[in-house]
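Number of protein chains: 2
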Amino acid sequence: MTILTAEIRDRLRDLVGEKGWIDKAADMAPYLTDWRGLATGRAAVVLRPETTAQVGEVVALCSRNGIGIVPQGGNTGLVAGAVPSPAGDQVVINLGRMNRIREIDPLDYTVVVEAGCILADLQTAAKAADRVFPLSLGAEGSCQIGGNLATNAGGVMTLRYGNMRDLVLGLEVVLPDGRIWNGLRRLRKNNTGYDLKHLFIAAEGTLGIITAAVLKLFPLPQQTAIALMAVPSPQASVALLAALRPRTGDAITAFELVPRLALDLAGRYVPDVTDPFDKPHPWYVLIEIDAGGERGDIRQMTEEALAAAIEKGFVLDAVVAQNVAQGQKFWRMRESLAEVQKEAGGSIRHDISVPVSRVPQFLEEATAAVLKAIPDARPFPFGHVGDGNIHFNILKPIGMEPKSFQARTTEINTIVHDILLAMGGSISAEHGIGAVRRAELERTADPLELELMQRVKAALDPDGIMNPGKLLG
Amino acid sequence: MTILTAEIRDRLRDLVGEKGWIDKAADMAPYLTDWRGLATGRAAVVLRPETTAQVGEVVALCSRNGIGIVPQGGNTGLVAGAVPSPAGDQVVINLGRMNRIREIDPLDYTVVVEAGCILADLQTAAKAADRVFPLSLGAEGSCQIGGNLATNAGGVMTLRYGNMRDLVLGLEVVLPDGRIWNGLRRLRKNNTGYDLKHLFIAAEGTLGIITAAVLKLFPLPQQTAIALMAVPSPQASVALLAALRPRTGDAITAFELVPRLALDLAGRYVPDVTDPFDKPHPWYVLIEIDAGGERGDIRQMTEEALAAAIEKGFVLDAVVAQNVAQGQKFWRMRESLAEVQKEAGGSIRHDISVPVSRVPQFLEEATAAVLKAIPDARPFPFGHVGDGNIHFNILKPIGMEPKSFQARTTEINTIVHDILLAMGGSISAEHGIGAVRRAELERTADPLELELMQRVKAALDPDGIMNPGKLLG
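Chain order of the listed sequences is P and A.
Just so you know, we're using my numbering here: the first sequence kicks off at 1 and counts up by one.
Just so you know, we're using my numbering here: the second sequence kicks off at 1 and counts up by one.
Do not rely on the hints blindly, as some may be mistaken.
The list treats identical chains as one, so a pair stands whether inside a single copy or across any two.
[Claimed, not checked] The calculated lysine-lysine pairs, modelled on DSS-like cross-linking and capped at a C-alpha distance of 30 angstroms, are: (1) Lys216 x Lys342; (2) Lys127 x Lys312; (3) Lys216 x Lys312; (4) Lys19 x Lys342; (5) Lys312 x Lys372; (6) Lys403 x Lys342; (7) Lys372 x Lys19; (8) Lys19 x Lys312; (9) Lys403 x Lys19; (10) Lys329 x Lys312; (11) Lys24 x Lys329; (12) Lys372 x Lys403; (13) Lys279 x Lys19; (14) Lys24 x Lys127; (15) Lys19 x Lys329; (16) Lys216 x Lys24; (17) Lys279 x Lys342.
Simulated from the structure, these hints should not be mistaken for lab results.
Please put together the full structure from these sequences, using the hints given.
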């Protein structure tokens, strides 16, 4: 463990001020453990700078002294990407105090926001300006924009609006030597060289610290239709989506697959969740369609479209929410599924994607392979089938010791990942690599691709001080 | 001029075969001059490989021998980005024979296509599969997908569908050492490290040769409404767009600003173009709205929306096309504007962008500054106001010698660019840098940004053999 010299400590403390300085063990603790409790590190100090200039000076000082830096947002990530190493020789730079919305321009449909702004706060501010910022995910009440950018966050609205990367027009970044790149452009078209912002998005803080961004806003939808559909199979859900896209003018915002087991357990464990159908069905899809104000009655159109889908056999039964409360109830069921897994004894998780049309084949093969390995395991695959992104989770068999089950994690991960890699899939669709998936990335990635990433890393962070041990190691 | 050794020539000829070998001066000529005739180069040889493997072997051979490579698609670019240097020591690799559509998957809404495929051919193939590939630009009958990718092409539908970059899921790239990176992913979500494809898009062939891509398809719109609107000012056009986006459910595909002078001259020079209004107006907007099949009558909704806009004063008068022919006529007017400029004596051109909300201020300031420099010049600004991307062109004053007018190009460019840079604008919104805008990029870009680009270039193409003299020089 490298202890910072007294001189460096004093200088850092001067730079961030008392409000930005945390060095007592008890005060540092919340910044040193990840949200799932999978990893705990140590840090020389936790710094909470208030301005981009402060971040720049802190990074410059660390750079000159070879001190590793761990950038941190809301610390809600699932791959321990913002946890310092156990050695205690790294400095955590938490962006939480840089939480200003610098400017909203409704005419321009843009917002300039700092990295530490909480996602839900940005959603609220956009709505107040009669706009929507269309990133939505479970952690939105505490995750921060900087972390959303560093991990290219996904969520439930990407089918229509894309991932975080697609919502970015410009970035401000503190580079590994402390210089500030002002790329805060508000341009919809710009072709003046390499598009540097894409380097920093999804780089998990390994190439620099994103301090602010220009993001796209969209019109606030004026009508919403939400429906829960029973479908005979994942295959039917994919065909249904392909058929509904033209029919709705591509206005489908969310399209979430839910297996029977999930609806069943949600009904058991979550207050207020009930099965709206009169008999059980093998699979369900939660759909949300958002439309403008002058385009006819969207709920009626949804009812007609689903009636047609029932005739074609894509849908067995459907309930279109008749009011806001019913729609929220359907969403509550979907959003409870992370919690439901804990209640049901825990799960082995996979955050994977395959081409949308391959989802049925993947589910079939991966389920069979997992059940071959653990015959009583309970497959619990759910999520964003419209993006080919399934949270392919496996619930503990009833009666199995949690420890014996969790001990099979790597074995099951390997089985599942090998199946999807053969289909051109991804071992991390939404959550990133961080520390948790590093070994698996090394095992599975194209060596040429890793080499290219290493070259980019060496070009931008030659001393390797930015988030050491994450993503590429 | 470096002449290739006989050994290298023989080896290259073996690699590409007779059909891929062009070395006679007359046969090479079409590959050595750009579309606008601004630049003519020389080449050691023009190679037209047929497969990715051939491209890889050719590049590997050139790399080992330090031979500069100029990748070339349809050669329709406007900044001489695909023209070899006058020294004649570079090899042109034209991708035109690699024009296969490898696979269309309508269920997946994706297509795998080779770099040499002509854009219009891809549009046609998508339509045959009941899908749309939504990139559309003037050169679509001859430009190629590889060039569209290397320049991040824009066009008239980006308001809704984004630029070429936004339409890409995966790439296959021959790297500067000849190795092939297979990044042909079909994934909507993937967070497994740096997103390398974004490095090659818009890099103008300076980091590698894109040989194939996985692109997104979209539902074929089932209804289209096209209208020509008279508006009092650019300010009104921006307010109109902001108001129409929510009202239409964000279904506006194109929103093109046209000044009175342009409609006037188009009526004079282009057969079949007429002014549909009973009196002249200062500005016009061509709008296209595309919608799904089950969303009411889109033409009627457009009429209602425009009636509301007339009441608010955003619109002076409007004609909604009553049939396909009338809609096409409106588009023909818009598309003729490049030609009209030639008929009217030529123009000094700018392909610029500013934030959408700044378009009115930019037009006002830039027009005043240009008229101060050349009092009789005729401003002819038109284009994609919905993207903040204006082709801010200046027609020759009537009676001025073309040569004296064109001699003012750099002076006028500098005036215009300095104004837009103060607004956070771009000196090249759609066309790229190539050879033509290199000096201007060096004059105007943030030195830190150029340094980062140079570092990326050195990391991926350390010997500098990929498209030397373009973009970064």
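Hint check:
1. Within a single copy, Lys216 and Lys342 get their C-alpha atoms no closer than 36 angstroms, and across copies no closer than 37 angstroms, so neither meets the 30 angstroms cut-off.
2. Taking the shortest alpha-carbon separations for Lys127 and Lys312, only the inter-copy value of 23 angstroms comes in at or below 30 angstroms, while the best intra-copy value is 38 angstroms.
3. Proximity of Lys216 and Lys312 under a CA criterion of 30 angstroms is satisfied inter-copy only: 26 angstroms between copies versus 38 angstroms inside one chain copy.
4. In the homo-oligomer, the alpha carbons of Lys19 and Lys342 never lie at most 30 angstroms apart, since the shortest distance is 37 angstroms inside one protomer and 64 angstroms across protomers.
5. Within a single copy, Lys312 and Lys372 get their C-alpha atoms no closer than 34 angstroms, and across copies no closer than 67 angstroms, so neither meets the 30 angstroms cut-off.
6. In this assembly of identical chains, the alpha carbons of Lys403 and Lys342 lie at most 30 angstroms apart only when taken from the same copy (14 angstroms versus 77 angstroms across copies).
7. Within a single copy, Lys372 and Lys19 get their C-alpha atoms no closer than 55 angstroms, and across copies no closer than 54 angstroms, so neither meets the 30 angstroms cut-off.
8. For the homomeric pair Lys19 and Lys312, neither the shortest alpha-carbon distance inside one copy (62 angstroms) nor that between copies (50 angstroms) is at most 30 angstroms.
9. For a Cα distance limit of 30 angstroms, the shortest separation of Lys403 from Lys19 qualifies neither inside one copy, at 42 angstroms, nor across copies, at 65 angstroms.
10. In the homo-oligomer, the alpha carbons of Lys329 and Lys312 lie at most 30 angstroms apart inside one protomer (28 angstroms), although the nearest pairing across protomers, at 40 angstroms, exceeds that limit.
11. In this assembly of identical chains, the alpha carbons of Lys24 and Lys329 never lie at most 30 angstroms apart, being 43 angstroms within a copy and 73 angstroms across copies at closest.
12. When the C-alpha separation of Lys372 and Lys403 is checked against a cutoff of 30 angstroms, the pair qualifies only within one copy, where the shortest distance is 20 angstroms, while the shortest distance between copies is 79 angstroms.
13. Neither within a single protomer nor between protomers do Lys279 and Lys19 lie at most 30 angstroms apart by alpha-carbon distance, with minima of 58 angstroms and 66 angstroms respectively.
14. Neither within a single protomer nor between protomers do Lys24 and Lys127 lie at most 30 angstroms apart by alpha-carbon distance, with minima of 39 angstroms and 64 angstroms respectively.
15. In this assembly of identical chains, the alpha carbons of Lys19 and Lys329 never lie at most 30 angstroms apart, being 41 angstroms within a copy and 64 angstroms across copies at closest.
16. For the homomeric pair Lys216 and Lys24, neither the shortest alpha-carbon distance inside one copy (40 angstroms) nor that between copies (51 angstroms) is at most 30 angstroms.
17. With identical chains, the CA atoms of Lys279 and Lys342 are at most 30 angstroms apart within one copy only, with a shortest distance of 26 angstroms there and 71 angstroms across copies.
This entry does not satisfy hints 1, 4, 5, 7, 8, 9, 11, 13, 14, 15 and 16, going by the numbered hints stated previously.
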